[in-house]
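Chemist: Residue strings, one per chain:
Protein chains: 2
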Amino acid sequence: MANPLFSKKSVPKSAQAKVTDIKLDEALTPWKVALIDDEDDVISISEMVLKRVLVDSRPLEFLKAHSAQEAKDLFEQHSDIAIALVDVVMEDDHAGLDLVKWIRESNKNTTTRLVLRTGQPGEAPEEDVIRDYDINDYKNKAELNSTRLKTTIYAAIRSYRDILEVQHGQKGLEDVVSATTRVLQSANSEEFCIRVFKEANDLLGQETGAFYLHYHLINALGNEEQIQLAYDGSRYHIDTHLEHDIYPDSVKKTMSQAMSSHSNVEQDDRLCNFTQLSETSSCVSLVSLAHPTTSLTRRLLNVLLTKVSIIFENLTRLEDIERTQQELMYILGEAIEKRSKETGSHVRRVSLICEFLAQRLGLDEHFVQLVKHATPMHDIGKIAVPERILHKPGKLDGDEWEVMKTHAQVGYDLLCNSKRALPQIGARIALYHHEKWDGSGYPSGLKGKEIPIEGRIMAIADVIDALAARRSYKEPWPPQQILALLKEERGRHFDPEICDIAVDHFDNIMALRAIYPDDE
Amino acid sequence: MANPLFSKKSVPKSAQAKVTDIKLDEALTPWKVALIDDEDDVISISEMVLKRVLVDSRPLEFLKAHSAQEAKDLFEQHSDIAIALVDVVMEDDHAGLDLVKWIRESNKNTTTRLVLRTGQPGEAPEEDVIRDYDINDYKNKAELNSTRLKTTIYAAIRSYRDILEVQHGQKGLEDVVSATTRVLQSANSEEFCIRVFKEANDLLGQETGAFYLHYHLINALGNEEQIQLAYDGSRYHIDTHLEHDIYPDSVKKTMSQAMSSHSNVEQDDRLCNFTQLSETSSCVSLVSLAHPTTSLTRRLLNVLLTKVSIIFENLTRLEDIERTQQELMYILGEAIEKRSKETGSHVRRVSLICEFLAQRLGLDEHFVQLVKHATPMHDIGKIAVPERILHKPGKLDGDEWEVMKTHAQVGYDLLCNSKRALPQIGARIALYHHEKWDGSGYPSGLKGKEIPIEGRIMAIADVIDALAARRSYKEPWPPQQILALLKEERGRHFDPEICDIAVDHFDNIMALRAIYPDDE
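In the order they appear, the protein sequences are chains A and B. In case it helps, the numbering used here puts the first sequence at residues 6 to 525. In case it helps, the numbering used here puts the second sequence at residues 6 to 525.
I should point out that these hints are in silico values taken from the structure, not numbers from a laboratory. It should be emphasised that the depicted structure is a prediction, and the values quoted were computed from it without experimental measurement. Do not take every clue at face value.
All copies of an identical chain are treated as equivalent in the list; a pair is satisfied when it fits inside any one copy or across any two copies.
27 Å max Cα-Cα, derived BS3-like pairs, lysine-lysine [to be verified]: (1) 410 <-> 479; (2) 37 <-> 144; (3) 37 <-> 146; (4) 257 <-> 492; (5) 343 <-> 452.
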């Protein structure tokens, strides 16, 4: 498969920089320094002294305000001010102190480092002020020479940087937590892949080339089970028998390395996570990186991939039980219908046809899936019909026919005591699948919409498949003849609406039938 | 149910304070201040000036070091030093600068605020030092009067506090992420409750009185499904029919309020989370609090409960499918065995007996569960045996007996094509359950351990239940007679080891049988 690890596409405009990547982008971004003073000279001298200062290789950008009011506007426009040098006396004797209080309490800004500068220390005694106001430093203008000013700036920006760094980590972790929640709500493996891919993109703030996962389990019978997944943003592949080669060579190599070393493998262009899920199961997942990324982002991506591995194990367990259930129902439904080990695929085909019709009718997808999985139970009441009647080559006599008809009620009786949705709907399908739209069916002679929808769907699917199949007593009907019968029985045997769908999509239905041919 | 919301127990010694609760406890804890100087006078004067200082109402605690080496020992013992005042010249001219480098780089401490104090500014020019070393302030001893020293301490401790606060949030979130992972790995609802309870305790750093959950779903058939869970640290309750009253009155009231307002309810002594899971499902969960807790902890607990609700929905979906599968197998297995709708409970009872024996044999629990769920398939090959043989009142003749014996192979053939573990083991149980330990069984006449363990278990369980049950052609055997037969057939029909277990625990097996009596 030609599935390049590296996406050649550039980062789309919609992929906005994430907080976790700010460190990279910020290499060029200046630190914002607010100079707040009612004397122009103080502002311009400060700017002159500081203009060439670099902190961690980043320059400073100056925001100026000549009053507490102007300063408030600044703080409302900029949430990322690293440090503010605040004069005490402006509009009034304590304008600067009030501003500090407003910044911390009203503006809820606790990250900006606030340095009070005063020309009249008597107005705001250092010890009282620093105790009573949430400022980070206090400077007497007289003593604040250029060296001292630079030192102050260095110190304050470093504190700001340290706080910001922890906040980025926290924000990133929150992103991972929400990402995990969305992945957890995947209904199946394909949706799972699509969601992980999207969440990895969002976390990286860039397009990842692709997402790969290899799940490995020794099952309770001691057999090895493996599942390989690949998703590159458009194509989804799943392989449970390792027959297709769904990973590119270089991906395969990295994943084998992680699998055999039982540890993560990090390379510039990819991140490969190994997670030991239990004594008997493990998972290797890989995300390819189109662009370099920070160590924080890599750490978060690793956290995400670990969670994703655990979620996949739960999901695959669920899918496995669902498929096992379905498979067992097909096997047993068919065995009961045929009363022999000569298993054909009537129940499998009817199941697909019912699913198709139910979806075209616009029914709720949960309900559609219930109907699909319950249809194999439609004839289980035949278990109680003696073989001499079930297998009678000729036409049934009156008494025999009465016995045969009991299978609808018997099937219902077998299943109806269950409180679970699947047997409940199975019971109804068993009971109603021989009712007819015009009221001439059995066991109750219900008419039209008195017959539950799942019964009406099953009725037509059962007839179509039976006519199209070879039976011991008949050849398969040609499609034209089946179509003619459908049209004839529209509004008689069959619900007109469902019948129209069957007629309109007859080719699709025949194609579905072809997926599971009977052994000839 | 007398299930008090408030645990009267005090916090156990093992419940250590969590980082998320430090704010509460710290009201009394002093801030650690490291005084590092080779001159005793400098240290004692600093201590004298600072000893009555309170920052956010918390006093200072002084840690003293007279050399860089002593200081390293301090940093290795204390990871929670708020501020260190570091002399530049100690063992040598740049001992203080080397110490700073060691603290940041080797000790990996980036939270302690470092203030350099120098008596000889020429040795370490302010601007160079603050640019090249990751310190937070630089002070000339000559200028550092008592007011200035206090100001410095206030400013530095505030920075430290801000960094710590964000770190607490992050650490708490990391705790929630790992807690979620552990809850995600619950195998069933009971384990789920126990794990949530434990994680809530750990997060709170205290004993929670109890954990309650109410899950609500409108299923695909439009029916309402509800599940109520309660766990108080020792007793687990689940109620799916709302028949028992498993919540205390005040809990019920709070949960109803959350359910009807579609929002969280917070009270001093409890936290109740509402999570809308999908259009058709929602979950209310409640944790009772024995002691007051911080708003950060409440926020984190809410995050945990939201995740826990999603995890529960996945888990209950899995459990529902598993139980549906089991129920269908019981219904169909019994129907096939009896070839009628007269369903007894033979397959259910055999299933329980097999589980019991397999557990006593010390087999892996996953394997035990597979065997338990596969046993209902043991006789599905009888589907192909004609009724005249199956229901023959008298003894079968030679040909009839040959036909009857085919059911083992037919059952295997029906199931063996599946790649899934459950049908695979079902196929083996069907094939081997009439083999005998001494080689006199069918279809293959295997001997001893040539017969797979699941076949040997099924053989004895099947016989015990059949003998103990009433059949159309016989009365139930009295227990003593069954026991006598088991002893007689030990090493002949039955595996001696399994037979010994059955004999030793015969009363338990009879008690298991009594759970599902046949309708008389």
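Chemist: The structure should be examined with respect to each hint, and the outcome stated for every one.
Modeler: Verification of the supplied hints:
For the identical chains of this complex, residue 410 and residue 479 are intra-copy neighbours only, at 21 Å inside a copy versus 32 Å across copies, given an alpha-carbon limit of 27 Å. In this homomeric assembly, residue 37 and residue 144 come within 27 Å of each other (Cα to Cα) both inside a single copy, at 20 Å, and across copies, at 25 Å. In this assembly of identical chains, the alpha carbons of residue 37 and residue 146 lie at most 27 Å apart only when taken from the same copy (21 Å versus 31 Å across copies). Taking identical chains as interchangeable, the C-alpha atoms of residue 257 and residue 492 are never at most 27 Å apart, the minima being 55 Å within one chain and 58 Å between chains.
In the homo-oligomer, the alpha carbons of residue 343 and residue 452 never lie at most 27 Å apart, since the shortest distance is 30 Å inside one protomer and 34 Å across protomers.
When held up to the earlier numbered hints, the structure conflicts with 4 and 5 and fits the remainder.
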